[in-house]
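Novice: Now for the letters of each chain:
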Amino acid sequence: MKTLIKLALVLVPSLALSVTANAHDPALHVKKAEKADCSKMDHSKMDMKDPVAVAMMKKCMKQAKKSKAKMEQGKMEHKKKKQDDHNQHDH
Amino acid sequence: MKFIKLTVLLAILGAGLAASIIYSGLVNVAADEPHGDFVYWLLETARKNSITNAAQDIEVPDLSDPELLLTGGSDYEFMCSSCHLKPGQLESDMSLGLYPVPPNLSVSRPAHEHADDKQLARENFWVIKHGIKASGMPAWGKTHSDERIWAMVAFIKQLPDLTAEQYQVLTAAE
Chain A
1 MKTLIKLALV LVPSLALSVT ANAHDPALHV KKAEKADCSK MDHSKMDMKD PVAVAMMKKC
61 MKQAKKSKAK MEQGKMEHKK KKQDDHNQHD H
Chain B
92 MKFIKLTVLL AILGAGLAAS IIYSGLVNVA ADEPHGDFVY WLLETARKNS ITNAAQDIEV
152 PDLSDPELLL TGGSDYEFMC SSCHLKPGQL ESDMSLGLYP VPPNLSVSRP AHEHADDKQL
212 ARENFWVIKH GIKASGMPAW GKTHSDERIW AMVAFIKQLP DLTAEQYQVL TAAE
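Protein chains in written order, with our numbering: chain A, 1 to 91; chain B, 92 to 265.
None of these hints come from the bench; they were simulated from the model. Where a beta carbon is used, it is the ideal one built from N, C-alpha and C, also for glycine. Wrong hints could be hidden among the right ones.
[As the list claims (entries may be wrong)] 25 Å max Cα-Cα, derived DSS-like pairs, lysine-lysine:
id: 1; chain 1: A; residue 1: 68; chain 2: A; residue 2: 82
id: 2; chain 1: A; residue 1: 35; chain 2: B; residue 2: 220
id: 3; chain 1: A; residue 1: 65; chain 2: A; residue 2: 75
id: 4; chain 1: A; residue 1: 40; chain 2: B; residue 2: 93
id: 5; chain 1: A; residue 1: 49; chain 2: B; residue 2: 177
id: 6; chain 1: A; residue 1: 81; chain 2: A; residue 2: 35
id: 7; chain 1: A; residue 1: 49; chain 2: B; residue 2: 248
id: 8; chain 1: B; residue 1: 248; chain 2: A; residue 2: 62
id: 9; chain 1: B; residue 1: 139; chain 2: B; residue 2: 209
id: 10; chain 1: B; residue 1: 224; chain 2: B; residue 2: 248
id: 11; chain 1: B; residue 1: 224; chain 2: A; residue 2: 62
id: 12; chain 1: A; residue 1: 58; chain 2: B; residue 2: 139
id: 13; chain 1: A; residue 1: 81; chain 2: A; residue 2: 58
id: 14; chain 1: B; residue 1: 224; chain 2: A; residue 2: 35
id: 15; chain 1: B; residue 1: 233; chain 2: B; residue 2: 93
id: 16; chain 1: A; residue 1: 45; chain 2: B; residue 2: 177
id: 17; chain 1: A; residue 1: 40; chain 2: B; residue 2: 177
id: 18; chain 1: B; residue 1: 248; chain 2: A; residue 2: 45
id: 19; chain 1: A; residue 1: 62; chain 2: A; residue 2: 81
id: 20; chain 1: A; residue 1: 70; chain 2: A; residue 2: 35
id: 21; chain 1: B; residue 1: 209; chain 2: B; residue 2: 220
id: 22; chain 1: B; residue 1: 248; chain 2: A; residue 2: 58
id: 23; chain 1: B; residue 1: 224; chain 2: A; residue 2: 49
[Said to hold, decoys possible] So the derived list for chain B, only partly shown, Cβ under 8 Å to chain A, looks like this:
id: 24; residue: 147
id: 25; residue: 151
id: 26; residue: 249
id: 27; residue: 265
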């Protein structure tokens, strides 16, 4: 019986606290470093005199360049690793 | 002579009354209870005129460079959007909880509040740089250069016309 009371004393306040902490969506407090979603951009409909359109193009081009460079670096590393493995087998 | 005596007496009484209100603890400072109409008008009028006056001589640089939207966009997303919202968002914890309510910068200002574009840019720059006392608006000028603040001003100028998709691209991390 005593253990039950002790358990209730611990559980009730902690439950109450956790309910208040979850009253609003905690995801709202998380700042995610999202990548630009360039998939919905229709280049043909973009007015290149509009600073918003130009800025969006710049952002997406930068992002595409970065991911291309990353992919090439990955390929190079993979090739190098393969060659190293091959050399080790030869010895 | 009688008039002076009466004025001094009234001034002393007024000061005494003000002091007793301040020290009594009766002034409600809770942010979830709005000011009365008169106090709200008094503070709003003082705020608006103070900003207009302080910002009037600021020189506005060219804000048309698209690059400004990228710098200003990521700063806006990180520093401002939780209170001043973004396209498609109607409220946040901060916009609901702060008093005075932070303006929603993702929608156009009501017609009667329209200053000309340059004056609006000056005022936005001043507010971002210096903040506003007892309102929750920080003075970003303590940690950010004027160039970065002007970039935010350029972004805020475009913000009411942005779609949620455009906002996402402009403000995303690089």
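Novice: Checking each numbered hint in turn, tell me which of them this model violates, lowest number first.
Specialist: When the structure is compared with the hints, numbers 2, 4, 6, 11, 12, 13, 14, 15, 19, 23, 24, 25 turn out to be violated.
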